[in-house]
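Two chains, two frames, a set of hints: combine them into the complex.
So the protein sequences, as listed, match chains Y and S. Just so you know, we're using the working numbering here: the first sequence kicks off at 1 and counts up by one. Just so you know, we're using the working numbering here: the second sequence kicks off at 1 and counts up by one.
I should point out that these hints are in silico values taken from the structure, not numbers from a laboratory. Please read these numbers as outputs of a predicted model, since none were measured by experiment. The C-beta atom is built at its ideal place from N, Cα and C for all residues, glycine as well. Any given hint might turn out to be false.
[Unchecked claim] Which chain Y residues stay away from chain S? Per the calculated CB distances, all over 10 Å, these:
1. Gly82
2. Gly92
3. Ser94
4. Leu116
5. Leu160
6. Gln188
7. Val213
8. Phe327
9. Ile335
10. Gly375
[Said to hold, decoys possible] In silico BS3-like pairs for lysine-lysine, Cα to Cα no more than 27 Å straight-line:
11. S:Lys8 <-> S:Lys180
12. Y:Lys344 <-> Y:Lys178
13. Y:Lys178 <-> S:Lys217
14. Y:Lys344 <-> S:Lys117
15. S:Lys117 <-> Y:Lys178
[Stated by the list, open to error] Chain Y is nowhere near these chain S residues, computed Cβ spacing over 12 Å in every case:
16. Gly15
17. Asn54
18. Leu82
19. Thr135
20. Leu181
21. Gln192
22. Arg227
23. Arg233
24. Asp241
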Amino acid sequence: MLSLLLRNIYRNRRRYIGYLLASTIAVATFFTFGFVASHPDLSRADLPDVVLQLLLIGQIGVALFALFFVVFFHRFLLRLRGNEFGLLLTLGMSPRQLAAMIWIESLTLAALAVVLGVLLSLAATSGLIFGLSRLLGIPPLPVVFAPSALIAGCGFFGLLFVVDAALSARWMRSYTPKQLLVTTRVRQSASLSLPSIIVGLGCLGVAYTLALVVSANAVLGTASMLPIVVLCAVGTYVLFSQTLVLILTRLRRRAASWLALLITSRLAHRVLDYARILTVVTLLSAGVLTLMGVMIGSLAYIRQTATSAAEYQELVQIVAVALFVSFFLSSLCFIAAASTLYVKVFTQIDEDRRQFAQLRRIGLSRRGLHLLLLGEFALLFFAPVLIAILHSAVAIGEVTLHIIPDAATAAISGTWLAYAVVVAGYLAIFTLGCGVTWRQYTRLALRH
Amino acid sequence: MNDILQIKHLSKTYGGTGGAAATHALDDVSFAVRCGEFVSVMGPSGSGKTTLLNILAGLDTPTHGEILLDGQSYAGLDGEQLAAFRRSQLGFIFQDYNLLDTLTLGENVALPLLLDKRDPALRVQQTLALLGIETLADRFPYQASGGQQQRAAVARAIVHDPSLVLADEPTGNLDSASAKLLLQQFAVLNQQMRVTILMVTHDPQAASYADRVIFIKDGQLSTMLERGLQPSRAFFTSILDTLSTLEEG
Numbered sequence: 001m002l003s004l005l006l007r008n009i010y011r012n013r014r015r016y017i018g019y020l021l022a023s024t025i026a027v028a029t030f031f032t033f034g035f036v037a038s039h040p041d042l043s044r045a046d047l048p049d050v051v052l053q054l055l056l057i058g059q060i061g062v063a064l065f066a067l068f069f070v071v072f073f074h075r076f077l078l079r080l081r082g083n084e085f086g087l088l089l090t091l092g093m094s095p096r097q098l099a100a101m102i103w104i105e106s107l108t109l110a111a112l113a114v115v116l117g118v119l120l121s122l123a124a125t126s127g128l129i130f131g132l133s134r135l136l137g138i139p140p141l142p143v144v145f146a147p148s149a150l151i152a153g154c155g156f157f158g159l160l161f162v163v164d165a166a167l168s169a170r171w172m173r174s175y176t177p178k179q180l181l182v183t184t185r186v187r188q189s190a191s192l193s194l195p196s197i198i199v200g201l202g203c204l205g206v207a208y209t210l211a212l213v214v215s216a217n218a219v220l221g222t223a224s225m226l227p228i229v230v231l232c233a234v235g236t237y238v239l240f241s242q243t244l245v246l247i248l249t250r251l252r253r254r255a256a257s258w259l260a261l262l263i264t265s266r267l268a269h270r271v272l273d274y275a276r277i278l279t280v281v282t283l284l285s286a287g288v289l290t291l292m293g294v295m296i297g298s299l300a301y302i303r304q305t306a307t308s309a310a311e312y313q314e315l316v317q318i319v320a321v322a323l324f325v326s327f328f329l330s331s332l333c334f335i336a337a338a339s340t341l342y343v344k345v346f347t348q349i350d351e352d353r354r355q356f357a358q359l360r361r362i363g364l365s366r367r368g369l370h371l372l373l374l375g376e377f378a379l380l381f382f383a384p385v386l387i388a389i390l391h392s393a394v395a396i397g398e399v400t401l402h403i404i405p406d407a408a409t410a411a412i413s414g415t416w417l418a419y420a421v422v423v424a425g426y427l428a429i430f431t432l433g434c435g436v437t438w439r440q441y442t443r444l445a446l447r448h
Numbered sequence: 001m002n003d004i005l006q007i008k009h010l011s012k013t014y015g016g017t018g019g020a021a022a023t024h025a026l027d028d029v030s031f032a033v034r035c036g037e038f039v040s041v042m043g044p045s046g047s048g049k050t051t052l053l054n055i056l057a058g059l060d061t062p063t064h065g066e067i068l069l070d071g072q073s074y075a076g077l078d079g080e081q082l083a084a085f086r087r088s089q090l091g092f093i094f095q096d097y098n099l100l101d102t103l104t105l106g107e108n109v110a111l112p113l114l115l116d117k118r119d120p121a122l123r124v125q126q127t128l129a130l131l132g133i134e135t136l137a138d139r140f141p142y143q144a145s146g147g148q149q150q151r152a153a154v155a156r157a158i159v160h161d162p163s164l165v166l167a168d169e170p171t172g173n174l175d176s177a178s179a180k181l182l183l184q185q186f187a188v189l190n191q192q193m194r195v196t197i198l199m200v201t202h203d204p205q206a207a208s209y210a211d212r213v214i215f216i217k218d219g220q221l222s223t224m225l226e227r228g229l230q231p232s233r234a235f236f237t238s239i240l241d242t243l244s245t246l247e248e249g
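Extracted from the complex, chain S is given alone in its bound form (with noise of 0.2 Å):
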């Protein structure tokens, strides 16, 4: 299977001119991600989650290092290619859902569609139908559940069929309950639908979804476990080991 996503030597250095000190929000960061994977990326506050996802969105530049998105490099994009480069190869999740509020929940599932010149009709509700959500296209994001809102932003994030699905805590201002069900309908989207995902977490139940799920800490990558044919029991427990070791060491 070939790799959707390649990481090459990424590092960011915040500060470091006029004597400050420099902080290194990531060294020497490489991975690579295949086509159809989920990965889940684990580490402490301040390792440099948020960095390498924004750095991943084009929100961000790296100081050194390359990144390839289905072969395509983010260097050398202006403004506008970044832009039409986001709209057709990204989708993004948000802790806090992100929806406009203006916005219907099928508007806002509408709207990567329609930044890129496409027909929305059909696709929405499509979209809307495999997250269970189609009976609330019509209400407005104040009208929805937590729940609700993130499946529409899951629906935002896949409606436009991207590269690569970017989850920023997905899970991290939902009940358990609706934590789990938007799990559940991440891992049924990555099996059926073969969307590739990279989800920021530390919540090891979240990870655990993930078919890998990789650890960084003070900026660099510390390990990795692969789900392989573990049972999700397993495979959490084995998490868990490998935080308290992170933690500890």
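Pulled out of the complex, with its shape left as it was, chain Y reads as follows (with noise of 0.2 Å):
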């Protein structure tokens, strides 16, 4: 039975590959955050009490990137696979047998992206630490793994891994033979209600709030991290959930042409699957574009406001390490972006191409399928950016109001530029990737 199931594994490979892709890259990068602020010449450089504060937030936002890159990405690879783990249950397969097989596979994957991913970190760590020693403007740094960065990794991971296979293969035991053998084909079903709306806007409401009221103070305003992404996430999921719900039923009734009727039943038909990722989407770019907006107008603050050399130097090195924390969670953020929507593309290509074939025999031209997909990937892509403007707006403005004193009009409005330029390029990267995706996906599921 062992024997099957590692052929399994491999044979499944297609399937682990994204998987095991995101686990590494969340274990490679924990690992070099680590080691780069754990570096022990870092430590006794003199640096402002700020740098080493902001290495602390920065670790802090790797372990979030890695914790959701890891459980998003299992849980996903799982539910693709809800057919086949119904058809065994169905066999004969026990619940604990199955359980006992998610265990197995997710742990031996955990090991090998631990392996891949340290291996991985040694190679970048000593990429960045020649980089940040230009940017702090001392000497090159040697490159030196801290065993305490080490120890800390493993330590995450190693319980990371562990408490999420335990879940995932809890969570795969809840689930009927019957519940899991249709997953892919019952439609996801969410009504309208007014209660959620308003737990919704609500959860945003206070969100906005205390970002904008609690952050002048700064040990409150870092506690009240959490709790803003949190509630922001639950808002704008509910609000999505619903908008999408409100649309695709009014969009439906009417069905004005066949491209609307196809669009909307099928987003309606995926309607929590399609939330979920936008949710995700708009959060990880809000991200983006606040650590983007806040760098780049910090660094044009502090250029005009120094005063002294000395005092120039010091906020220098601040801003550099600012610039490397913000710009190494920003790159995640964004990666973690684009990984999303390409595991959400591409896992829906064999039921699309079944689905486009029925389409084309009744008559549907190739066109047709091109503007079908467009719709769908522009609502993908654009609809998360347009809620993630907001999102960072609120934050940018937070920024403006509090952190910056005595609100210098130059500074405030530097800021706001520079948020300007990262909105457009982030814009600008998004048309090329939807254009693309749309592209690549098109010339795939249409081939036959």
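Below, the structure written as structure tokens:
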């Protein structure tokens, strides 16, 4: 049985590779950041406290990213295999055997990801330490891999992977074989409800208020970061699902054209998946926009305000580290957003091929299918960015209100200008990404 | 001859809570299947055939009534016991084959034995040979035709000597030649290996291979036809007659 299991993993490799890649990236980034942040010379180098705090915040951000990446991609992988699990249960695999199978598989993949990720992080660390020394304006630091970072990383991922494997196994065990067999065919349903809308709006309102009011105080501001993100996530999810339901039912009732009918029915069928994906991409995009906007903005501010050479030097060091941390984190957010979209799009290809073949047979042209996919991808790529612009604008507003002291008008307008540039760049990248994905996907899905 | 399967007063009701109208998918259905018998269940769509099959497979629970397979009741079995019961007592054949894409045909057939911790080596080869696909053991499902895949699915359903094989529209996705071949193999398995088969179908041609056809309508047992000593042709005609009477009334 075990050898059959391993063979099954091997032949499922194309599906596992996405998850393996995601967890390898998560491991590599966590270790890289840890190695850089706990570099012995860095703590000795007489840097301002703010720098060390920034590194700590960065480490927490990277940990959250790793957590999200591992859990999200694993769940996605397992859900894709619902059919297979349902069949195994029907044939008489016991729920306990199924849970054991998932547990073993998960931990095998986790071990592989840790080994690959650590190796990758060794290379990345060397490069980053060199770059950071130049940014800080200090002589090149020797490449050192602090054992404390290694231990912390192994502890973190050991716990994360074991808990995730146990929860995933339990989660799949909770389904009946019948539920698993039909997961991809059953329509997801969500209904319009006023209480949900109120809760969603309430969450966003509280989050925005917290962001704008509490953050004046540095300690409270840092402490309220997590609740703000959570409230934002809940609010965004609720609003996305409710808005989708509202629009989809309206459009479908009218069914003005075949295009509207097909798009609305396809979205409605997987409405909760869409709401989930749109929320994730929105939050990650908001992260990128905020981090980059603040970073570029503060850079400009410091140039203008530093009075003495010594103060300038200190500020530059702070900004250099802030630059490093925020660039690192926003790259991670961007990678996560891009891979979430990639996974969402390319995991539906088998189902789409079948459906498209049927549609071609009843006379829908290739051009029609191109149009259909373009509509779907545009929603998938741009709806999150638009909401993310709203979220991040609030965050930038918070920064200009409270973090920049005595609210120098030049600094504020500089920050907003920087933010506008970042938004424009991000929109450009997403437009390009949407176009490339559309081209590739239509080519693959309509090949036959 | 003793009954391998006894179905007593089986009912299944969906909904009916919170003011919604209840649907009686099955309404007091009772019948028995003898050991080594080949039984077809026929009925129009929505008549409750699939619900019956799901309950027999242990995938769904009845609202009322009892099922005894080889004297053992399904009621009161927990998830683990039900799984053990399924893998030793039941074999499944689905309309869309449902082979695991990542396993070869041979491995797919070996799966029920491995789940039951039995050595697959000899038994798998024998079963594949019985269905005439022994040369295809190392092919993957996508490298085999629909008919070949369905024969592998049949091999998987009988490899572990189950008490009962449940087949859900097994010929539904096959062309007429492959369907005919499959049904002839069903007949051979049934007559020579004494495999007990319960097949749900709406194809009268397929049903005519059975020893007995049970018709259900609106969740209730409506009538039954025994083949007896009639030739296939005559049995087929009487199935058609019964179907048309059912559809009229």
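Need the list of violated hint numbers for this structure, in ascending order. Per hint list: 2, 3, 11, 14, 17, 18 violated.
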